[in-house]
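For what it's worth, the numbering used here labels the leading residue of the sequence shown as 1, then goes sequentially.
Hints in this document: simulated from the structure, not taken from any laboratory. Do not take every clue at face value.
[Unchecked claim] Distance windows between CB atoms, simulated:
hint, residue 1, residue 2, range
1, 92, 3, 37 to 45 Å
2, 18, 76, 26 to 34 Å
3, 18, 77, 18 to 26 Å
4, 92, 2, 33 to 41 Å
5, 64, 21, 15 to 23 Å
6, 121, 25, 14 to 22 Å
7, 7, 91, 20 to 28 Å
8, 62, 90, 16 to 24 Å
9, 87, 25, 16 to 24 Å
10, 95, 29, 28 to 36 Å
11, 63, 87, 17 to 25 Å
12, 125, 77, 33 to 41 Å
13, 2, 71, 17 to 25 Å
Think of the CB as a built atom: it goes at the ideal place given N, C-alpha and C, for glycine as much as any other residue.
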Amino acid sequence: MANRFANQTIAIVDDDPDILQSIDLAFRHEGARTVLAADGLGALHLVREERPNLLILDMMLPRSSGLLVLEKLQEEQCTIPIIMLTANQGRRHREFALGLGARAYLNKPVSLAKLLEIAASLLGEKERA
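Using the sequences and the accompanying hints, generate a full structural model.
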């Protein structure tokens with residue numbers, strides 16, 4: 001088992017249980033501690049209670065969309081790096097999410113290798129800051 005994410009807590013939020021499980025397993029295999037939620041309110045709870053090092057957030061969620069979660073976290077001056085995942089190909093949504101503080105915006109289906117690489121890069125930037 002690799003330890004690229006040892007001592008890192010990764011919050012993963014997606015309402016699709018298969019996607020949630022795949023991302024969870026990939027990060028745990030790399031040494032991360034993961035915390036999971038399946039809706040927007042759960043995402044806010046995880047960030048506030050668990051203080052993860054990184055948030056992976058689906059855009060289309062029940063009980064508060066990913067964009068509303070981003071807005072709320074921006075209001076709370078959250079500095080956790082956020083990767084937005086979406087099946088929405090629209091450029092306007094991408095620009096809006098990045099404007100609200102998402103550090104990366106990836107279209108589904110996403111390569112787990114690419115997701116892990118971007119996560120490692122964002123966490124490395126945070127450590128250097």
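Verification of the hints:
At about 39 Å, the CB distance of residue 92 to residue 3 agrees with the hint of 37 to 45 Å. Remark: the range hint 26 to 34 Å for residue 18 to residue 76 is upheld by a beta-carbon distance near 30 Å. For residue 18 and residue 77, the hinted distance range of 18 to 26 Å is not satisfied, since their beta carbons lie about 34 Å from each other. The supplied range of 33 to 41 Å is met by residue 92 and residue 2, whose beta-carbon atoms lie about 37 Å from each other.
In this structure the hint that residue 64 and residue 21 lie 15 to 23 Å apart at CB holds, the actual value being about 22 Å. Look at residue 121 against residue 25: about 21 Å separates their beta carbons, and that is inside 14 to 22 Å. Distance hint check: the CB atoms of residue 7 and residue 91 are about 36 Å apart, inconsistent with the given range 20 to 28 Å. Checked against the hint of 16 to 24 Å, the pair residue 62 and residue 90 passes, with Cβ atoms roughly 20 Å apart.
One distance hint, 16 to 24 Å for the beta-carbon pair residue 87 and residue 25, holds here, with the actual separation near 21 Å. Taken as a hint, the range 28 to 36 Å holds for the pair residue 95 and residue 29, whose Cβ atoms sit roughly 33 Å apart. A hinted range of 17 to 25 Å for the beta carbons of residue 63 and residue 87 is consistent with their spacing of about 18 Å. Look at residue 125 against residue 77: about 18 Å separates their beta carbons, and that is not inside 33 to 41 Å.
A hinted range of 17 to 25 Å is violated for the C-beta pair residue 2 and residue 71, which are about 35 Å apart.
In the structure shown, a violation is registered for the earlier hints numbered 3, 7, 12, 13, in ascending order.
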